[in-house]
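Trainee: The residues making up each chain are set out below.
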Amino acid sequence: MTWARLAFRLQPSSIGFAAFVCLGLAVASLWLTSDMRSVLEACGMPDEPKACTVIYAFQDTHGQAVMMTQMGVSLATYGVPLVLGVPILTREIELRTAMIAWPLAGSRLKWLVWRVLPILVVALILVGTMAFAAEQLAQAYFPHSDIGFDRHGSRGISLVTRSALMLVAGIALGAIIGRMLPGLLVSIGLSVALSAFLGAALPQWLSSTVLTGPETEIFGPGPLRTGAQYRLADGRLISAQEGEILTQELYEENGGVEPDPALLPQQVIFGIAAERYGEVLARESAVVLGAAAVAGGLAAAVVRRRRPE
Amino acid sequence: MPTPVRIAWRLQRWELGLLVASGVALTAVALVLPSLGEAGIGDQRMVVLLLTLAGPVLFGSALGIGVVAAEVERGTARISWALARSRLRWLWIRSWPIALIGVLVAIPLGAATARLMDLTSPSDIFMPQMRGPMVALHFLVALAMAVLVGAAIRHVLPGLLVAIALTTALLIGTTLALQPWLRDQAVLVPFAERSSDAVIALIEHAHALPAADGGWTLTEPQCASQVECMTAYEALTPVMRIVPGEAYWTLLAIEGAIAAAVVTLAMAATVGIIRRWGPR
Chain A
1307 MTWARLAFRL
1317 QPSSIGFAAF
1327 VCLGLAVASL
1337 WLTSDMRSVL
1347 EACGMPDEPK
1357 ACTVIYAFQD
1367 THGQAVMMTQ
1377 MGVSLATYGV
1387 PLVLGVPILT
1397 REIELRTAMI
1407 AWPLAGSRLK
1417 WLVWRVLPIL
1427 VVALILVGTM
1437 AFAAEQLAQA
1447 YFPHSDIGFD
1457 RHGSRGISLV
1467 TRSALMLVAG
1477 IALGAIIGRM
1487 LPGLLVSIGL
1497 SVALSAFLGA
1507 ALPQWLSSTV
1517 LTGPETEIFG
1527 PGPLRTGAQY
1537 RLADGRLISA
1547 QEGEILTQEL
1557 YEENGGVEPD
1567 PALLPQQVIF
1577 GIAAERYGEV
1587 LARESAVVLG
1597 AAAVAGGLAA
1607 AVVRRRRPE
Chain B
9 MPTPVRIAWR
19 LQRWELGLLV
29 ASGVALTAVA
39 LVLPSLGEAG
49 IGDQRMVVLL
59 LTLAGPVLFG
69 SALGIGVVAA
79 EVERGTARIS
89 WALARSRLRW
99 LWIRSWPIAL
109 IGVLVAIPLG
119 AATARLMDLT
129 SPSDIFMPQM
139 RGPMVALHFL
149 VALAMAVLVG
159 AAIRHVLPGL
169 LVAIALTTAL
179 LIGTTLALQP
189 WLRDQAVLVP
199 FAERSSDAVI
209 ALIEHAHALP
219 AADGGWTLTE
229 PQCASQVECM
239 TAYEALTPVM
249 RIVPGEAYWT
259 LLAIEGAIAA
269 AVVTLAMAAT
279 VGIIRRWGPR
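Chains as they are written, first to last, in the working numbering: chain A, 1307 to 1615; chain B, 9 to 288.
Calculated from the structure, these hints are not laboratory results. Take the hints with a grain of salt, since some may be wrong.
[Unchecked claim] Take a look, some chain B residues computed to stay more than 10 Å from chain A by CB distance:
1) Gln20
2) Ser30
3) Ile73
4) Glu81
5) Arg97
6) Met135
7) Pro166
8) Leu168
9) His213
10) His215
[Claimed, not checked] Label-pair distances were calculated between CB atoms; the ranges are:
11) B:Leu108 <-> A:Trp1309: 45 to 55 Å
12) B:Val235 <-> A:Tyr1362: 55 to 65 Å
13) B:Val32 <-> A:Arg1612: 42 to 52 Å
14) B:Ala269 <-> A:Ile1431: 41 to 51 Å
15) A:Val1498 <-> B:Ala277: 29 to 39 Å
Where is the CB? At the ideal position from N, CA and C, for every residue including glycine.
My request is simple: use the sequences and hints to build the entire structure.
Mentor: As C-alpha cells, then:
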C-alpha cells in the first residue's frame, strides 16, 4: 500500500474531494434506488401504488431528488477526473520538485507511470462506484422499461470511460501547460467540448432505422430518437414540416372534421432501438478509450522532452 | 499600461488570457445566435446561458485564488509582502486590475445574453442571473470570496474547490432569500392574456375567479372525483402568478447591494488575515 499512501500524501485534497463527491453521490443514488424499489414491493396487492403502472412512476414523489443527484453525477463525471489528473504534473512543475524528481528517477516515463497509476486506480474505484450507483438509480426511476439510451454518459460504463479519458487528457494538458489553474480552466473547456462532441456523435455510431411500437412514443426512456418524417399513402416519405402542413390542409378541406385516416400522412419516427444500446456503447467506449491512450502517449512524450523548469 | 495591470498580467497571464478569450468568444456567439433563427434557439442558446452563469464563478474563483494562495504556495509572498509599503496596499494593487478586467469582459457578455434572451424568446422567464450587470456582480463576488478563502487556506487546489463551493452556495442562498420579495412583486395574469413582455419569475400556475375590483382571486375548488374536478376547473380561469420584467432593476439594485456587502466583508476579512499571518 506504499503507492496508495504516497499518492494520498502528494494529493490529499484532490483525493479527499474525489472521495467525498463520488461516495456522497453513490450513497445518495443507492438510497434513492432502494426507496423507489421499496414502493414497488406493494405491486400486485389490492391497493397497489400508482407507480406500479405508469412510465413516470416516480416523477411526483422522487423526480426532484433524482434529477439533482443525476445532475451532480453528470458534473462529477468530468469534474472529479480533472481535479485528480491536472495537478499530477502541474504541481511538480510549479513547485519545481520536477527538477529533483526527474533527474533522480532513472526514466521519466517510469516516474510518470508510478505517479499516474495510483491516481488512476483510485479514480477508477471511486468513479466506478459512482457509475454503478448511477446505473441502479436510472433503472429504478423507470422500473417498467428498458432504459436503453436514457442518461447515457452519466451512468455505467459510458461514465467510467469518459472519466478515464478526462483524467488522462487532464494529465496531458497539465504536462503541456505546466501550470495548475490555467490547466484546470483549459481542461474544463475541453470537457465541455468533449461532452458536446460525444452527445452529437451518439446518433452516428449506428445507422438509424424506423422505430416501431412503443418505441415511437415521444416521451419515456429507451430508444435514441434521431428524427421524424411522414409517409404518404403511396409510400413516399416527406419531411416532418411538409407532413404537418399537409395534415392541416386535409383538416381544412374537410371543414375541421377528421378526414379519412387512410388519406392522412403517417408519422414515421427514426432512431436506434433500445436493444441496440450495447452495440453503440461498445463502439463509443472503444473510441473514447482509444482517445485516452492517445492522450496518455501525448503526456508521456511531453514529459520526456519537457525542461523541468 | 498602468503598472498594477502589467503586474497582474505577468503573474496571471494564462488565467486572464483565458478569461478574455472565452468572454469575447461567448459574447460573439451570443450576438450571432439570434440571427440564426430557429437554429439559434435550441441547445446552443441554453449552453451559452449556462456558461454565462458558470463562467464568472469559475474565472472569478480561479483568478482570486491566485492572488494570495498562489503567492504563499510558491513562496513569493515572503518577498512581495516585505517589499510592499503595506499589505493592504499590496492586496489592493493585486486585486483591482483583475476586478477591472473581469468587469470589462462581463459587462458586454451580460448585454449580449440579455439581447439574446430578448430576441429569441422575450416572453420566457428571463433568468436575471444570466443577463445584464448581474454577470459582472457574480464575477466580483467569486473573486472576493476566492481571495478570502485563499488567504485562509493558503493552498491553491483545496482553496479553489472551497471557494467555488462557497460562492455557489452564496449565490443560490441569495436567490432563495429573495423568493419572498419576488412573491410580493408577483401579479396574476390570465394564461390566455399572456403577452410577450419579459417575465422575471413564474411563481405558480393556478386557477382564479374575476374579482369585484377587476382583478383576480385565486380559487382552489374542492372536489371528490376526477369528473367533479374537471367540471369545477372548467368554470375557473387558468392564471399565472408572474413577476413582471419591470422588477428587474429593483432586483438588480438589491443583488448589487448584497454583492457590495459581501465583497467589502470578504476583502476586510482578507486584510485582517494577511495582516496577522506571517508568510510561510
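Trainee: All the hints need checking, so say for each whether the structure fits it.
Mentor: Comparing the hints with the structure gives:
{"no.": "1", "hint": "Gln20", "result": "violated (8 Å)"}
{"no.": "2", "hint": "Ser30", "result": "violated (7 Å)"}
{"no.": "3", "hint": "Ile73", "result": "violated (7 Å)"}
{"no.": "4", "hint": "Glu81", "result": "violated (7 Å)"}
{"no.": "5", "hint": "Arg97", "result": "holds (24 Å)"}
{"no.": "6", "hint": "Met135", "result": "holds (17 Å)"}
{"no.": "7", "hint": "Pro166", "result": "violated (4 Å)"}
{"no.": "8", "hint": "Leu168", "result": "violated (7 Å)"}
{"no.": "9", "hint": "His213", "result": "holds (15 Å)"}
{"no.": "10", "hint": "His215", "result": "holds (19 Å)"}
{"no.": "11", "hint": "B:Leu108 <-> A:Trp1309: 45 to 55 Å", "result": "holds (46 Å)"}
{"no.": "12", "hint": "B:Val235 <-> A:Tyr1362: 55 to 65 Å", "result": "violated (23 Å)"}
{"no.": "13", "hint": "B:Val32 <-> A:Arg1612: 42 to 52 Å", "result": "violated (30 Å)"}
{"no.": "14", "hint": "B:Ala269 <-> A:Ile1431: 41 to 51 Å", "result": "holds (44 Å)"}
{"no.": "15", "hint": "A:Val1498 <-> B:Ala277: 29 to 39 Å", "result": "holds (33 Å)"}
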